[in-house]
Each structure stands twice: as C-alpha cells, then as structure tokens.
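Colleague: Spelled out from the first residue to the last, the chains are:
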Amino acid sequence: MMLNIKDLYAKVEEKDILKGLSIEVKPGEVHAIMGPNGSGKSTMGNVLSGRPGYEATAGSVTFKGQDLLEMETEERAREGLFLAFQYPVEIPGVSNMEFLKAAVDAKRKHQGLEEMSSVDFLKLARETCKRVNLDASFLKRGVNEGFSGGEKKRNEIMQMMLLEPELCILDETDSGLDIDALQVVADGVNAMRDGKRSFLVVTHYQRLLDYIVPDYVHVLAGGRIVKSGDKSLALELEAKGYGWLESEVV
Amino acid sequence: MTEEVESLIRKDYAAGFHSAIESETLPPGLNEDVIRFISAKKEEPEWLLEWRLKAFRAWQEMEEPTWAHVHYPEIDFQAVSYYSAPKSMDSKPKSLDEVDPELLATYEKLGIPLHEQEMLAGVAVDAVFDSVSVVTTFREKLYEAGVIFCPISEAVHKYPELVQKYLGSVVPQKDNYYAALNSAVFSDGSFVYIPKGVRCPMELSTYFRINEMNTGQFERTLIVADEGSHVSYLEGCTAPMRDENQLHAAVVELVALDDAQIKYSTVQNWYPGDANGKGGIYNFVTKRGIAHTNAKISWTQVETGSAVTWKYPSCVLKGDNSVGEFYSVALTNNFQQADTGTKMIHLGKNTRSTIVAKGISAGRSDSAYRGLVRINPGADGARNYTQCDSLLIGDRCGAHTFPYIESKNPSAVVEHEATTSKVSDDQMFLCQQRGLDAEKAVSMIVNGFCREVFKELPMEFAVEAGKLLEVSLEGSVG
Chain A
1 MMLNIKDLYA KVEEKDILKG LSIEVKPGEV HAIMGPNGSG KSTMGNVLSG RPGYEATAGS
61 VTFKGQDLLE METEERAREG LFLAFQYPVE IPGVSNMEFL KAAVDAKRKH QGLEEMSSVD
121 FLKLARETCK RVNLDASFLK RGVNEGFSGG EKKRNEIMQM MLLEPELCIL DETDSGLDID
181 ALQVVADGVN AMRDGKRSFL VVTHYQRLLD YIVPDYVHVL AGGRIVKSGD KSLALELEAK
241 GYGWLESEVV
Chain B
1 MTEEVESLIR KDYAAGFHSA IESETLPPGL NEDVIRFISA KKEEPEWLLE WRLKAFRAWQ
61 EMEEPTWAHV HYPEIDFQAV SYYSAPKSMD SKPKSLDEVD PELLATYEKL GIPLHEQEML
121 AGVAVDAVFD SVSVVTTFRE KLYEAGVIFC PISEAVHKYP ELVQKYLGSV VPQKDNYYAA
181 LNSAVFSDGS FVYIPKGVRC PMELSTYFRI NEMNTGQFER TLIVADEGSH VSYLEGCTAP
241 MRDENQLHAA VVELVALDDA QIKYSTVQNW YPGDANGKGG IYNFVTKRGI AHTNAKISWT
301 QVETGSAVTW KYPSCVLKGD NSVGEFYSVA LTNNFQQADT GTKMIHLGKN TRSTIVAKGI
361 SAGRSDSAYR GLVRINPGAD GARNYTQCDS LLIGDRCGAH TFPYIESKNP SAVVEHEATT
421 SKVSDDQMFL CQQRGLDAEK AVSMIVNGFC REVFKELPME FAVEAGKLLE VSLEGSVG
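So the sequences go chain by chain: A and B. For the first sequence, the UniProt record's numbering begins at 1 and goes up steadily by one. For the second sequence, the UniProt record's numbering begins at 1 and goes up steadily by one.
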C-alpha cells in the first residue's frame, strides 16, 4: 500500500475541516479528489505533507507502511511525498537552480547517495526544463520570481520530475491554466505514470481529468469522502454539480 | 513557526577562543602620558605625537553621541587599556620564521594561514593582533608593482611625507567623538599606496584580532590610490568570547585621486555577545573616502558581529563625475543592535551614488539603517539611488530606516525605495516540502535576500560571507 488514510480528523486554526477521511491508494494508481469549495481538498494535501498549522487530531495515515503523521515535513518529502502547490510562493534572490539542486541533494543524502556534481545537475535540469516547455533561462531566475501563473505550475511539475517522488499530490494544479499549459502539465504527469508511482489529483473541475485519466474518482464534502467511483463519476459531477451529493450526506 | 525560526538562530561563535600569548598591556586609563607612551613605543616623530595630543585635547571637550538608535550602559573610558602587544613582537621579527608560533597558530585557527604558500592565491594579508601588526604577506611581490602595503606604524617611518599629507585629510581629528579618540590613541592598522596608473595585482586584506581582555582596539587604515590606479581591499575582524564588553573604535580613510578606483569590503564578525546579550564588542567606526574627478569608491560590508554597531562608511564625491557606492548586509540576532548606513556627499558635477542596504533582524535584536544623501549647490546633474530592504525573522526583533535627503540643486535626481518583509511561513513550507531542513531553508532565503550585496564582494569572500550568515543565523529556527 502506498498511502492509507483511515478515519482522519484534522483542524486548522481551531476549526475542524477533515472529519473522518479515508482513502486507500495502491502503487501506480491515480486518484482524483473532487468536491465543492471548502470541502477540505486543499487541507488534505497540507495535512499529508505536514504543513505547520494543519493539525491531525484523530485517525491514522500510513505512507509506505510508515506512520506519516509522526514524520517531519522535510522527512516526508525525502521519503518521496511531493505536493505541487496551488499557489507556488516566490523566494526572491534564490535561483531556481540553487533551490532545485539543494532539494535533489537533500533527497540523495537521505538515500545515502553523493550530492550531484553541478555539471551533471545542470544537464539534468536543462533536459527537464525542456520536458515542461520552460526555457533554460528559468533556472537562473529567482524561485517563482516574476513567473506567470502558468510558468509557476510548470515549474512545479519540473520539480516533481527532478525529485522523482513516489506519491504526488497535485493541489488544483489546473486552476488558472490555459489549455496549452494544461496540456503540458498533463503530459508531464502522464509521462511519470510508470505503474509504481501514485497520484492524488485534487481538482475542482472535470476538465483536467480529460487529460489525466484517473483510476478512481472520490468526492470530498464536509471533510470526508461521500462518494467514490471510476472516471464516469467525474462526468456525472460535471453534469449534475455537487448539490445532489451534499443532500445525500445530510 | 516563529519559535521554530528563532531557535535556529542560536549558535556558537567559532572565533571565540582566547590565545595564551604573553602580552605587554598598559594598565587601564587614558591621559596624555598614555598617548606619549604609545607614541614613544612606536618611535614616532614629534609631529605625530603633537597630532595625537591635539586630538586628545579635542576629545576631552567632546561629548559622546547619543542620537543613534542603540542603547548600552555608559562606557568608562578610563577602564579600558589603550595598548596591548604580544611580548614576542618586541624583538621586531624580520620574517615569518621569527614570529611567535602561537600567534601564527591563532590565525591558522581562524582560517587565515599566514604562510604565503598556504594562502589564497592572490590575496595579501596584514595581520593585526591587539595593538600591533604581526605580519604582512606578499610584500615583495607587491613592492615590485610599486604598491606599498604595510603597517601604518611602519609607514610613518618609511613614507612620512605620504602619511603626513593624507592622515586626517578625510577624517579630521575632531570629526566626531570616536574619531577623535582613535586619532589620539590609534595603535596600528594598514597603510596602502597604489602609484599612478597601477592596477594592484592582488587583493589586499587586513585581519584584525582582539585577544587581550579589557583592551580596546583602535586601528587606523589609510588607503591612497593615486591617479588612474585600482585597488580592492578587504578587512575581517574577530575577538574572543568574553562577558565584558570591549571597545573597538577604528578610523578608515580612503583617498581616490583622479580616475582612481577603490573597492573596500568588510566582513565584520566581532564577538556579538551571548544569547542573553552579555558581552560583545562595541563597534564605533568612522569610515570615509574622498573621490576626486572621475574616481570611484565602493564600500561593501557584511556586518554580522558586535553587540553594538555604529558605523557609516561614507563617500565625499568631490570631483566631477565621481561615483560612490555602498552595499551593506547587516545581520543582528539575539540582543545585538546595529545603527549603520552611509553618507553620500555630492559636491562635484554629475556625481552618482548608489546605496543598497539589507538589514536582517532576528531574535530580540534591533537594526537601523541611517543614511544621508546630500546634494550641494554645485553638484549639477547629481544622481542618487537608494534601496533599503529589511527582513525580519520572528516577531520580537525590530528594523528601522532613517533616511535623510538634503538636496540643494534642482537638477539632482534622488530616488529612495524601502521594503520590509518577513521570512514567510509559506516560503519555509515550500523549502521543507522539497526536503530542505528548516535551517537550510532560512539560510537560503536570507542569502537570496542578500544576493545583490554578496555579488559585490570579491569572489573568494562571497562564499565566506554566505557561510558566515549561515552560522550567525543558526539557532534561529528549530
């Protein structure tokens, strides 16, 4: 099992957001998490990745058999959990290249490997840029500094490719993307589907799932999964909205 | 999160050791006899003794400045010793082989090997220990290029006409309280002269070390770049950890004659005091340069040490088309206080100045930028650009900006930009989600913030500065 979330409760600023969330993700599977605004979709990604201020109060989460909630934020990352941010933040003055190399080296160190040589890393980073249609000049720029919305998202996918995580959580990566950028992001994700790597794709719209076809679709409402199905569920939601489900919950 | 960041900024001061070196140290106290003693010790000519005494008499009439945004108990200037020198230096060693090995070991431990073959290629070092210069490396090589680089006490004897002409020409004896004190009791420091049209073949640097207890350090540096010459100079400073505060009042004078360029970089790491604010150096420094026609003076400073810093490296842009620059990173942590900035005095036509000041405050520290841009009536077409950025780590520290702009020429263009930001939780989370630990994340974010200044440092030292910042920040997250 890649990820096993069991009856998870979590709060943010004293407010209960997740209320009994359970999902099982096996290696290689792609799960789409959909749901109305305020249902707890982003909270799920933040709790799983260990963002300060997001506190799990009950339930359990195991990641590759380990107790995820006991692990430090950076340890989760080094163990292969990746969160692609909905709103990637800027770090002025820190070059993308420096940042990416530090991240890759932190993971390699954790795995008992040597740091990458700057030459090898530059080569790898340039190739990866090409894969997400970013000019290599982005490596020299400050992390997300002055990037457009689409460039920030592609930068996230580039980081995902470089870090080769085992579990990728995409937090509304499609929001604010035009159709071309969406295609690039989806191509990137699809290229990384290798039968072992798992994905949790959090999205508000069915549109993304035309490009990244999920194995399962879950509807999150009121802090827990209220309905699960295959990709056809996404189409049904597109047609009917979320209202009919919420009435079912109550 | 805040607590996490703050606990990252606590770390040992690596240069805090004391060397067991037998010294001749004057008992505490200051009067004319002490000045006569220092002058006699250095076998100075009569004019210099008179110069010192004039400064001392002026100092006695002056009052300690209190306008800076710093607070510290009143200093008892009679409790300070004004001269201390390793005994072994009495015999005036002629070469490195004759220098007390313990002295060399001290510098070795600080990462500054004084044997030329072990040194960074291309950097000549003058090592000043308490009140005397211990050794100056690469002198012969520099001499071949016509460059003079020696202790100022030696220059007084060897190049009296140069010293007499320029000493006090930029910072007069009565300039301010600490400059007057320094003029009265200065012990040693470096003297540099670059002849006409010469580009100094290597970086020059002076490394200041305070070792003795209750001793003040009052070094005096004088750099004269003759017409069309270029020089890059760097100073570094450390001191042992002690519970008592120690006084450091230096004066640096730069003279850039027509078409000359001086780049002066400082990495200041005096002992900052402990996490509770006990001990540390009081760093009261006057630095100023005069730029003649088409000349350029550039100050770059990375200030991470000292309990209290009071320092405004300045440029007097006297000649037409002269250029002044000031790039500064000042980091304060725990209970450190810094009031630092610059003065750009535009006298000549089409003079230009640039100020980039980055202040980083952590712990309960307080950091202030204070800067004066003055455009005199004759400075047609003068331009200034000032950028002051403050970065706060945690919520118990302070950052302040005191800009003064006096423009008396309508054709002048003066720009001032200021920002204040915090190391945000979102930035920290992005770094940690990518596998970096909190400490690495803070140092990376802070280094990024300082990037514009670090790129002005000589390359060898830019790396050092980055590391120093990392060490100074350690314990600020956790």
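For the record, the hints were derived by calculation from the structure and aren't laboratory data. These numbers were taken from a predicted model, which means no experiment stands behind them. Treat each hint with caution, since some may be false.
[As the list claims (entries may be wrong)] Derived BS3-like pairs: lysine-lysine, alpha-carbon spacing no greater than 25 Å straight-line: (1) B:Lys54 / A:Lys101; (2) B:Lys467 / B:Lys455; (3) B:Lys158 / A:Lys140; (4) B:Lys54 / B:Lys158; (5) B:Lys467 / A:Lys109.
[Stated by the list, open to error] Counterexamples of contact, computed for chain A against chain B with all Cβ distances above 12 Å: (6) Ile23; (7) Ser49; (8) Gly50; (9) Ser60; (10) Thr73; (11) Arg78; (12) Ala103; (13) Lys109; (14) His110; (15) Ser117; (16) Val119; (17) Val213.
Backbone N, C-alpha and C define an ideal beta-carbon position, used for all residues, glycine too.
Colleague: Taking 12 Å as the cut and beta carbons as the points, is Val213 (chain A) off the interface with chain B?
Modeller: holds, 26 Å
Colleague: For a C-alpha distance cap of 25 Å, please report whether Lys54 (chain B) and Lys158 (chain B) respect it.
Modeller: With a Cα-Cα distance of about 23 Å, the restraint between Lys54 (chain B) and Lys158 (chain B) holds, given a limit of 25 Å.
Colleague: Does the claim that Arg78 (chain A) lies off the interface hold, with its Cβ farther than 12 Å from every Cβ of chain B?
Modeller: It is violated; Arg78 (chain A) is separated from chain B by about 5 Å at its closest Cβ, not greater than 12 Å.
Colleague: Quick one: work out the minimum CB distance from His110 (chain A) to chain B and report holds if it exceeds 12 Å, violated otherwise.
Modeller: Not fine: 7 Å to the nearest Cβ puts His110 (chain A) too close to chain B.
Colleague: Far enough from chain B: is every CB of that chain over 12 Å from the CB of Ser60 (chain A)?
Modeller: holds, 21 Å
Colleague: Over 12 Å from every CB of chain B: does Ser117 (chain A) meet that, or does the non-interface label fail?
Modeller: Its Cβ never comes within 12 Å of chain B, the nearest being 17 Å, so this holds.
Colleague: According to the definition I'm using, a residue is off the interface if its beta carbon is farther than 12 Å from all beta carbons of the partner; does Ser49 (chain A) meet that for chain B?
Modeller: violated, 5 Å
Colleague: Using Cβ atoms and 12 Å as the threshold, tell me whether Val119 (chain A) really stays out of contact range of chain B.
Modeller: holds, 19 Å
Colleague: When you check the alpha-carbon spacing of Lys467 (chain B) and Lys455 (chain B), does it fall within 25 Å?
Modeller: Holds, because 14 Å separates the two Cα atoms, which is no more than 25 Å.
Colleague: Would you assess whether Gly50 (chain A), listed as outside the interface, keeps its beta-carbon beyond 12 Å of every beta-carbon in chain B?
Modeller: Per Cβ check, Gly50 (chain A) is inside 12 Å of chain B; nearest 8 Å; violated.
Colleague: Is it the case that Thr73 (chain A) keeps its Cβ farther than 12 Å from each residue Cβ in chain B?
Modeller: violated, 4 Å
Colleague: Quick one, are Lys54 (chain B) and Lys101 (chain A) close enough, alpha carbons at most 25 Å?
Modeller: At roughly 59 Å apart (the allowed maximum being 25 Å), Lys101 (chain A) and Lys54 (chain B) break the hint.
Checked against the numbered hints listed earlier, the structure breaks hints 1, 3, 7, 8, 10, 11, 12, 13 and 14; every other hint is satisfied.
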